[in-house]
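Participant: When we follow the numbering used here, the leftmost residue of the sequence shown carries the number 19, and every step to the right adds one.
In case anyone wonders, no lab produced these hints; they're calculated from the structure. Beta carbons are placed, not taken as given, at the ideal position from N, Cα and C, and that holds for glycine. There could be a bad hint or two in this list.
As the list claims (entries may be wrong) - Simulated restraints, written as ranges between beta carbons of each label pair: (1) Arg62 - Tyr111: 24 to 32 Å; (2) Ala59 - Gly114: 23 to 31 Å; (3) Met92 - Gln112: 18 to 26 Å; (4) Gly114 - Trp22: 44 to 52 Å.
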Amino acid sequence: AMAWEGEELVSVPEGVLSVNALSRPWVQQRARPRRNRKSEAMRRMVRETILTPSNFIYPLFIHDEPTNVLIASMPGCERHSLASMVAEAKDAYQYGVRTFV
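Please model the complete structure; the sequences and the hints are all you need to start from.
Facilitator: Spelled out as structure tokens, the structure:
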């Protein structure tokens with residue numbers, strides 16, 4: 019391991035902490051360049067992934083029958099009537115979903 023002593027970088031045996039100017043133990047931190055953070059476009063590209071309801075696409079299945087029908091191969095999904103589909107989309111919109119297919 020390496021540590022700074024004044025302006026000189028010296029070798030320190032493994033398992034030994036360096037001491038700072040206040041004689042407190044510390045560990046030399048690795049440099050973290052910010053070259054990828056200079057513009058808003060670059061910051062947006064490399065930032066952590068955050069998912070919100072506005073990122074979701076809500077698939078709605080409709081048919082021309084007056085009642086909803088469960089889809090056997092897709093538990094929890096149903097074919098909506100037109101009125102039911104509008105109500106379902108309004109409800110999802112209130113939660114922040116903005117895209118429907």
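Participant: Kindly indicate which numbered hints from before are broken by the structure, ordering the numbers from low to high.
Facilitator: No numbers; nothing is violated.
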